[in-house]
Amino acid sequence: MTLNMGPQHPSTHGVLRVALELDGETVLAARPIMGYLHTGMEKQAEYKTYTQSIPQTDRMDYLAPMSNNLAFCLAVEKLVGIEPPPRVQAIRVLLTELTRVAAHCVWLGTHALDIGAMTVFFYCFREREKILAMYDQVCGARLTASYFRVGGLASDIPAGLLERARKFVDEMPAHIDEYEALLTKNPIWLARTKGVAPLSARDAIALGATGPMLRGSGVKWDLRKAQPYSGYDTYDFEIPVGASGDAFDRYQVRVEEMRQATRIADQAIRRVEEIGPGDYRLRDYKYVLPPKEEVKTSMEALIHHFKIVAHGFFPPKGEAYHAIEAPKGELGFYFVSDGTPRPWRMKVRSPSFVNLQSLSTMVHGRLVADVITAIGSLDIVLGEIDR
Amino acid sequence: MTALAPERVAERLRERFPAVAFRRQAGEAVRDFTLHVPAESLVEVCAFLRDDPELDFAMLSWIAGVDWLPREPRFEVVYGLLSLSRAFRLNLKVQVGEENPRVPTVTGVWPTADWHERETWDFYGIEFTGHSDLRRILLPEDWVGWPLRKDSPLGYEEVAFTHNTPQRVKPAPRLTKLKPRKVRYRAQ
Amino acid sequence: MTEKKIENPFRTLAQPAREAPPAPDLVVPRTEQDAFREELERGVLFTTVESMVNWSRANSIWPLGFGLACCAIEMMATLGPGYDLSRFGAEVMRPSPRQADLMIVAGRVSLKMAPVVRLLYDQMPDPKWVIAMGACASCGGVFNNYAIVQGVDKIVPVDVYVPGCPPRPEALIHGIMKLQEKILSSRIELGPAPRPRRKKGAA
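Each protein sequence line maps, in turn, to chains A, B and C.
Numbered per our numbering, the first sequence spans residues 1 to 387.
Numbered per our numbering, the second sequence spans residues 1 to 188.
Numbered per our numbering, the third sequence spans residues 1 to 203.
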């Protein structure tokens, strides 16, 4: 029997359609059908300058918008050959780690909601509201931030952000303990997730899974440690690795990642405070907007400002691929530039797109209810899959 | 393990495949180590890269198509390979022309290539010979055309403003006759 | 310019309470009948069927769980603890269109999804309303290209447009309150639907 889990479904985390081949309650194959949110972002990026494409990236993995911004900006910075100052890198790390916590909060809330634990949803969204308030303070928008720019940030962090972040980082571990108290030793949770939707390490690598999917299966691979970017090699944190690759292991990996992200955010706050006030953009006027004071006093800065705003900056002809460890996995951007302000090709390597391929392997021979658990533990975002 | 040098990768490949013409992509801003591979030897090269214990490119990260329209050959398929144990990335490029855009599939080497190749087929129309199920993945099944090719339009729809839809604009109200509309709230 | 002292109509604790009005001279004894009539009047509401129906419809709108993209996350946040939507009657989000009154199209509608949106709208029983949440649902938003329908009102009739990218939860609540106003001021029709009149002599 073929059962259609349609694009409109309470548990499909977006508009995903899964065609389930069933034999009674046993799943023979689960074929995901995507494209219901296809937005043509890669085509549209060819018609916009690099800076104009940054808001598009927010809408890809909309649970972790600053993460996508970071991946985009780092890839363009690699292409152009610039690196922002240490203060900017620390602020970026702080906001990206808070984004990781927010994304995992939504994941945990919706995953638990699918399985039946409604309380966790409300607890997680309560924490997320605090992070969204910080986003609001820093750039004006709760969800779609577009705060990072090539070579720096859109504007300096306002006064009060660091205090708010410090307060959040101090109280978050207690909240994570709350979530664990509700779920980790809960017999219902264990029955629904232990041994369910297993993915072996060999399968995970062969299917290209990255992020908590790969780490839950026992492979210790995290881009923040293996190919560090934005100063991550100077922070002190651990990579949680699971043992058997089932849904419970992935849950534990992500909860531990939330803790480690809070730890990194703490160190990042300290670093920003140590460095003190300073530039929020690189002073390379060929590619980055100069500060407004200089635009009003220096002729050269004025001309650069005009050129960058009116035309966009001209990166060298070439190509670059850069990947970061997003909350979902390896998020990479591949740019091909032909010397003009608009990219010739922008390719997004989205983690959810590749992770979703392993759905069929994970639920083969299992029951229908396990499909819901499997989709939940994949942590997919359709905006990213369909772009 | 020590870090892998790009030259070592090229050396190993030339040792193993002396007949294949590898070409390194040159350019000041080509930031990744990129090798051009002819389409016929693609699958062999990929299998070697995956199985060789020194190189160990166990994961295929991504496949992208690129359309260089005025240039011949028109299309390029870029494979992003990742070696987990050596923490090294390698880009392989295959160039195909417009009349017969065909590349052998690498799903036998890395099963993850399945959906990447379907996406490249969907966007560019590049056929991957040997693929078990090559059909559209992101666009509707009955879509005609290859949207990411440079000669396909963006599909921009003209937004209706007052300056370009004169007949739809209501005449400006005469202020003398204007009365505020009364909203009646019932119940409550 | 003379300054007119405007008396503060709101009594504060600083000001003394106004004196109680003087007791009337004539005291009419309440009979049992009077007491009964008072009681009855206190428990009885005089209104029209239309107001009652509109009031109940407006205050118990059950939305269909139809989140497409980023606006869906803000919709979830609106249902969450910070900006509780249950206060406005949206107690449950029904997953099935047959049990929902309101379709909040939250997110961008791609061409592949358009027939699905229409199918869901057709499956909803009357009375039904549609809120286009966000810029993408209202007019195509940021994405003006081959893949996105430029506004969901090309597919389904929309009652309220909520702009924003994504709209804040307060904005969505404002949109729902506007919809409640719209429902409260709408007319209902009782009885069978009017049959189209056939013209005499026409084919």
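It is worth saying that the hints were derived from the structure and are not from the lab.
All residues carry an ideal CB built from backbone N, CA and C; glycine is no exception.
Warning: the hint list may mix true and false statements.
As the list claims (entries may be wrong) - DSS-like cross-link-like pairs, simulated, lysine-lysine; straight-line CA separation at most 30 Å: (1) K286/A <-> K150/B; (2) K48/A <-> K286/A; (3) K130/A <-> K154/C; (4) K154/C <-> K150/B; (5) K93/B <-> K185/A; (6) K225/A <-> K93/B; (7) K150/B <-> K220/A; (8) K178/C <-> K48/A.
Stated by the list, open to error - Reference excerpt, derived from the structure (chain A facing chain C, CB under 10 Å, subset only): (9) H9; (10) G14; (11) A19; (12) L20; (13) D23; (14) T51; (15) P55; (16) Y62; (17) T110; (18) D136; (19) F306; (20) K307.
Original post:
Does the structure keep K130/A and K154/C at a Cα separation of 30 Å or less?
Top reply: Status violated; Cα separation ~37 Å.
Original post:
Does H9/A pass the interface hint, meaning its C-beta sits closer than 10 Å to a C-beta of chain C?
Top reply: This interface hint holds because 7 Å falls under the 10 Å limit.
Original post:
Holds or violated: is the Cβ of G14/A closer than 10 Å to a Cβ in chain C?
Top reply: holds (7 Å)
Original post:
For the hint on Y62/A, does the least C-beta distance to chain C fall short of 10 Å?
Top reply: Status holds, d = 4 Å.
Original post:
Is the hint on P55/A kept, meaning its closest Cβ partner in chain C is under 10 Å away?
Top reply: holds (6 Å)
Subject >> Satisfaction of hint between K150/B and K154/C, Cα-Cα up to 30 Å >> reply: holds (28 Å)
Original post:
Given D23/A was flagged as interface, is its beta-carbon under 10 Å from a beta-carbon of chain C?
Top reply: With Cβ-Cβ at 25 Å, over 10 Å, it is violated.
Original post:
When the nearest CB of chain C is found for D136/A, is that gap smaller than 10 Å?
Top reply: Hint on D136/A: holds, closest Cβ of chain C at ~9 Å, below 10 Å.
Original post:
K150/B and K220/A: Cα distance at most 30 Å?
Top reply: With a Cα-Cα distance of about 41 Å, the restraint between K150/B and K220/A is violated, given a limit of 30 Å.
Subject >> Proposed proximity, K185/A with K93/B (alpha carbon, max 30 Å) >> reply: Since the Cα atoms of K93/B and K185/A sit roughly 50 Å apart, the hinted pair is violated (cutoff 30 Å).
Subject >> Satisfaction of hint between K286/A and K48/A, Cα-Cα up to 30 Å >> reply: holds (19 Å)
Subject >> K225/A paired with K93/B [C-alpha distance capped at 30 Å] >> reply: Since the Cα atoms of K225/A and K93/B sit roughly 28 Å apart, the hinted pair holds (cutoff 30 Å).
Of the numbered hints given earlier, the model fails hints 3, 5, 7, 8, 11, 12, 13, 14, 19, 20; all others are met.
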